[in-house]
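Number of protein chains: 2
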Amino acid sequence: MSTGLSDVRALVFDVFGTVVDWRASVVEELERVGRSKGLARDWPRFADMWRQGYGEGMRRINDGADEWVNVDVIHRRKLDSLIEEFNVTGLSESETDHLNRVWHRLRPWPDSVEGLTKLKSRYVIATLSNGNVGLLVNMAKFGGLPWDCVLSSELFGIYKPHPDVYRGAARLLGLQHREVAMVAAHSSDLRGAGKAGLKTILVPRPDEYGRGKTADAPGPDDSFDLIAPDFIALSNTLSA
Amino acid sequence: MSTGLSDVRALVFDVFGTVVDWRASVVEELERVGRSKGLARDWPRFADMWRQGYGEGMRRINDGADEWVNVDVIHRRKLDSLIEEFNVTGLSESETDHLNRVWHRLRPWPDSVEGLTKLKSRYVIATLSNGNVGLLVNMAKFGGLPWDCVLSSELFGIYKPHPDVYRGAARLLGLQHREVAMVAAHSSDLRGAGKAGLKTILVPRPDEYGRGKTADAPGPDDSFDLIAPDFIALSNTLSA
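From first to last, the protein sequence lines are chains A and B.
Per the numbering used here, the first sequence starts with residue 233, numbered consecutively.
Per the numbering used here, the second sequence starts with residue 233, numbered consecutively.
Watch out, some of these pointers could steer you wrong.
A pair counts as met if it fits within one copy or between any two copies, since identical chains are not told apart.
[As the list claims (entries may be wrong)] Think about it this way: if two alpha-carbon atoms lie no more than 30 Å apart in a straight line, the pair counts; the simulated DSS-like pairs of lysine-lysine are: (1) 350 with 373; (2) 352 with 427; (3) 352 with 373.
Rather than coming from a laboratory, the hints here were simulated on the basis of the structure.
Input sequences plus hints: build the corresponding full structure.
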């Protein structure tokens, strides 16, 4: 194992994109809705814009432009505006609410459940997501994700990459910052964790935005304590 | 099932006394420490006074007499005073810290793991304990408790039976108050949950303070949505 990680007792995971394939799951559900309503739309683009609205909504809150709301609310506001923009007709309120909760029903990447289960035997494994607690709990039940603990930015009233989130997670787990490693597919998240004093593990998900369309690539100044291709390999490396 | 519980989607559990046998676990560890240090003391009395100090420490915080500290700190303050009172000599700082964390290593009642596992297939199951998050996470790993989510008074900065704790749990789970049932061995906890609008399930633990010495008995005005003798029976009743 990388000696920089020898003090680590808990692994905290980014979720959207790192643990679950949000895009394929959301596009599939949008296509199903489209078929049932007889609507042909560019659903992959709808999904990408929905995801973009999530990032914008969080940034406005962290910048102080908007009051705190959780991610279910951010998703719903953007969904309402996309429904208008894409002229999606015929959805009842309960259908719209159900669609908004597609983010509670995202499929894990193929290695996620097996890798997390292996990692759980050696580490505390927890979410550390901008998704709200209820969303993450429902997603874990849907996908069989074996978390020891569900931690969320919601508990701190501010979104990643604000340092309060990373430090708050260590505090709640009763651990020193260096005893917690953030696992994420996104270098911005890991930069935030590293600045807050946590250890950093990159698990790239090159297909996050469709085959070969990764969310981002590490910058020239980025350095991480470990890079692993998936959670099973991560478990093997940490056990070695 | 009791029709009053038909809307329930999550069960939140008191932990000390309801899920785990804190007293037998703490007495056993104190006796082990005593043997290793050659000290004969009234360890059951030590354990009971330690537990009493926990209640007092929380009450002082809820009354505004003390600043917020988590249960690890409350336990440690009382432990330090009991070590003096019982003239427990020869403990290093790391031994004292390890002893203080005996509350992270409490054994489940015999029905707890099986009952929770059954209940988990149908409900979201979460802690709702005054114990801090780190304590509850460690205890779950120690005892194999299969929580979907670890919720604690620590997340709300005030202890049960303050209504903010019960309502905060429902809010974080994204549920209405009536969709959450509090499960506890203690009527005071259930009274707090009931006043906050949650459903209430009593699982008496008649041996909590030693064989036949229960913590409390329901008062004449208490009424609960359900009473079950243990978690396996609770699961069977809720599935009927």
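Status of the hints after comparison with the structure:
no.: 1; hint: 350 with 373; in the structure: both (18 Å within a copy, 14 Å between copies)
no.: 2; hint: 352 with 427; in the structure: within (26 Å within a copy, 38 Å between copies)
no.: 3; hint: 352 with 373; in the structure: both (16 Å within a copy, 9 Å between copies)
Figure legend: structure checked against the earlier numbered hints; every hint is met.
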